[in-house]
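Let's have the full structure, built from the sequences with the hints guiding it.
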Amino acid sequence: MTSSPSNTYEKIYQLVQCIPAGSVATYGDVAHEVDTSPRVVGNALHANPDESTIPCHRIVNHRGALAPHFAFGGFPEQQRRLESEGVAVMASRVDLTKYRHRFHK
DNA sequence: GCTATGACCTAAT
DNA sequence: AATTAGGCCATAG
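Everything in the first sequence is counted per the working numbering, starting at 1 for the first residue and increasing by one.
Since the hints were derived computationally from the structure, they do not count as laboratory data.
Don't take every hint at face value.
[Unchecked claim] EDC-like mimics (lysine to aspartate or glutamate), calculated; alpha carbons at most 20 Å apart, straight line:
no. : residue 1 : residue 2
1   : 11        : 35
2   : 11        : 50
3   : 98        : 83
4   : 11        : 51
5   : 98        : 85
6   : 11        : 33
[Claimed, not checked] Computed spacing ranges between beta-carbons, pair by pair:
no. : residue 1 : residue 2 : range
7   : 22        : 104       : 15 to 23 Å
8   : 76        : 37        : 13 to 21 Å
9   : 20        : 80        : 13 to 21 Å
10  : 35        : 76        : 29 to 37 Å
11  : 46        : 20        : 16 to 24 Å
12  : 51        : 93        : 14 to 22 Å
13  : 91        : 22        : 15 to 23 Å
14  : 35        : 86        : 26 to 34 Å
Cβ coordinates follow ideal geometry from the N, Cα and C atoms, glycine included.
Listed below in structure tokens is the structure:
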């Protein structure tokens, strides 16, 4: 097969863009889908801070909060975006039990 | 090709 | 509850 070596990031971007509005996903879930480690997922998003193409605000950590290193508008901006899509943010966190998007099933 | 780094995760202290 | 340590994998120098 003619597989490119750097397909990892591509898969991550595809999966992130596949997340519907009003839902969030954790780095670990995405990592499990693309069969890689959560670190690569975070690195992939940071390497491509293209919010116009990749809704990074829908990616949260396993606690339901975005990474403290968010380099765009900061927590307020990110929170505004999530609420704008129908996700309730409480204490800079979202209820993973409610908004956690499932790729499988 | 080895070393260092990173938007993480989990467990132990 | 907060901090430390280890694991993880891909990219950059």
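These are the hints, each one checked on the structure:
Restraint check for residue 11 and residue 35: satisfied, since their Cα atoms lie roughly 10 Å apart, inside the 20 Å limit. Annotation: proposed proximity of residue 11 to residue 50 holds, straight-line Cα distance about 15 Å (limit 20 Å). Proposed proximity of residue 98 and residue 83 is supported: the alpha carbons are some 14 Å apart, at most 20 Å. A hinted pair counts as satisfied when its Cα atoms are at most 20 Å apart, and residue 11 with residue 51 qualifies at roughly 17 Å.
Between the alpha carbons of residue 98 and residue 85 the distance comes to roughly 14 Å, so the proposed pair stays at or under 20 Å and holds. Between residue 11 and residue 33, the direct Cα distance comes to roughly 9 Å. Compliance with the 20 Å bound is thereby established for this hinted pair. In this structure, residue 22 and residue 104 meet the distance hint of 15 to 23 Å, their C-beta atoms being roughly 19 Å apart. A beta carbon spacing of about 30 Å between residue 76 and residue 37 contradicts the range 13 to 21 Å that was offered as a hint.
Between residue 20 and residue 80 the beta carbon distance is about 19 Å. The supplied range of 13 to 21 Å therefore holds. Evaluation of the 29 to 37 Å hint for residue 35 and residue 76 yields a pass: the beta carbon distance comes to about 35 Å. Between residue 46 and residue 20 the beta carbons are some 23 Å apart, a value that agrees with the proposed interval 16 to 24 Å. Residue 51 and residue 93 have their C-beta atoms about 20 Å apart, which keeps the hinted 14 to 22 Å range intact.
Distance hint check for residue 91 and residue 22: the Cβ-Cβ separation is about 19 Å, which falls inside the suggested range of 15 to 23 Å. Between residue 35 and residue 86, the C-beta spacing of about 30 Å keeps the proposed range 26 to 34 Å intact.
Of the hints listed earlier, the one the structure fails to meet is number 8.
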